[in-house]
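*Asks:* Sequence:
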Amino acid sequence: MTIRHLKMFAAVCEYGGVTRAAEALHVAQPVVSTAVSELEKYYGIRLFERINQRLVITEQGGELLVKARDVISCFEDFEGLAREDSGKPRVRVGSSLTIAQTGLPAIIKKIRERYPAVDLCIEANKTSEIEEGIMRGELDFGIVEDRVTSAVMKTVPLTSDRLVAVCSPDYPLPDAIGTVALAAQRLLLRETGSASRDFLDRIFTSHRVVAVPAMTSVGNSALIAACAVGFGVTVLPESLVSADIAACRLREIKITDADLSRDHFLILHKNKRLNAVQEDIFNICRGI
Numbered sequence: 001m002t003i004r005h006l007k008m009f010a011a012v013c014e015y016g017g018v019t020r021a022a023e024a025l026h027v028a029q030p031v032v033s034t035a036v037s038e039l040e041k042y043y044g045i046r047l048f049e050r051i052n053q054r055l056v057i058t059e060q061g062g063e064l065l066v067k068a069r070d071v072i073s074c075f076e077d078f079e080g081l082a083r084e085d086s087g088k089p090r091v092r093v094g095s096s097l098t099i100a101q102t103g104l105p106a107i108i109k110k111i112r113e114r115y116p117a118v119d120l121c122i123e124a125n126k127t128s129e130i131e132e133g134i135m136r137g138e139l140d141f142g143i144v145e146d147r148v149t150s151a152v153m154k155t156v157p158l159t160s161d162r163l164v165a166v167c168s169p170d171y172p173l174p175d176a177i178g179t180v181a182l183a184a185q186r187l188l189l190r191e192t193g194s195a196s197r198d199f200l201d202r203i204f205t206s207h208r209v210v211a212v213p214a215m216t217s218v219g220n221s222a223l224i225a226a227c228a229v230g231f232g233v234t235v236l237p238e239s240l241v242s243a244d245i246a247a248c249r250l251r252e253i254k255i256t257d258a259d260l261s262r263d264h265f266l267i268l269h270k271n272k273r274l275n276a277v278q279e280d281i282f283n284i285c286r287g288i
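The sequence shown: position 158 = 158 (the numbering used here), numbered continuously.
Any given hint could be a false lead.
[Unchecked claim] Distance windows between CB atoms, simulated: (1) CYS248 - ILE3: 55 to 63 Å; (2) TYR15 - PRO105: 27 to 35 Å; (3) ALA258 - TYR43: 48 to 56 Å; (4) THR19 - ARG208: 36 to 44 Å; (5) TYR115 - GLY16: 32 to 40 Å; (6) GLY287 - ILE3: 31 to 39 Å; (7) TYR43 - ARG112: 41 to 49 Å; (8) THR159 - GLY44: 46 to 54 Å; (9) THR192 - THR159: 22 to 30 Å.
[Unchecked claim] Quick list of in silico lysine to aspartate or glutamate cross-link-like pairs, EDC-like style, CA-CA up to 16 Å: (10) LYS110 - ASP280; (11) LYS270 - GLU76; (12) LYS254 - ASP175; (13) LYS67 - GLU14; (14) LYS154 - ASP263; (15) LYS154 - GLU132; (16) LYS109 - ASP280; (17) LYS109 - ASP119; (18) LYS270 - ASP77; (19) LYS270 - GLU138; (20) LYS154 - GLU279.
Everything labelled a hint here was simulated from the structure, so no lab data went into it. C-beta atoms are modelled at their ideal positions from N, C-alpha and C, and glycine is treated no differently.
Generate the whole structure from the sequences, applying the supplied hints.
*Replies:* Given below as structure tokens:
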């Protein structure tokens, strides 16, 4: 058995099937099927059952998945230490998309100045994907816009920001409205699962309203562009729209009955042992 077998087993669990796991790993589907089959035959166990044409992990498989992820994480730690000792340190950082657009570039510059030879890998993604990457041992730590729910994650508070509702200068809406009125607008929002969208949805839920957006996007710039031409109202981090507000390309709408401020966090697995270079870069990221 090899670490490759465990990674493929964990990928099938994560992606819910062999086909999607193979796509994520950039290998042929039979390669993944064979790896799982070999794992089962080697230990004389059944990891999955097929129910209604779906793979469902067995109780024993679920217990082994936890251990497999621990082994994968330890292996990644081993590789990181080996690379450091060989003079080729590697640091893998996940970042929420908004942070990657705003605070991260200055941090990257500091890291490159201090460690010009480091193999720095950045993954800009949703908070949930960053959390999964850390769990799989594919990321050393992450910088995210919202709290994570996993009990195995250690969180370090960073700065805070706030979301702001904006529209075009001539959009027919008062300068201040409540949450229920906001939900009734033609909303231009980030996709479900993004930190800002999940935060906003929790605000709507607390006011017992459901918002149905007229436009969703995985990026912020498309929402800002559509908003600027009067298509609707978007709600985004202030750091992304402050320049447009100052230039009168967008107008801020005050939300009178909700606090849209939120904290940013550094996150890492509570069992993760950072090597010296990773720990120093982790501390550099505290200044984001």
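*Asks:* Of all the hints numbered above, which does this structure not satisfy? Sort the numbers upward.
*Replies:* none
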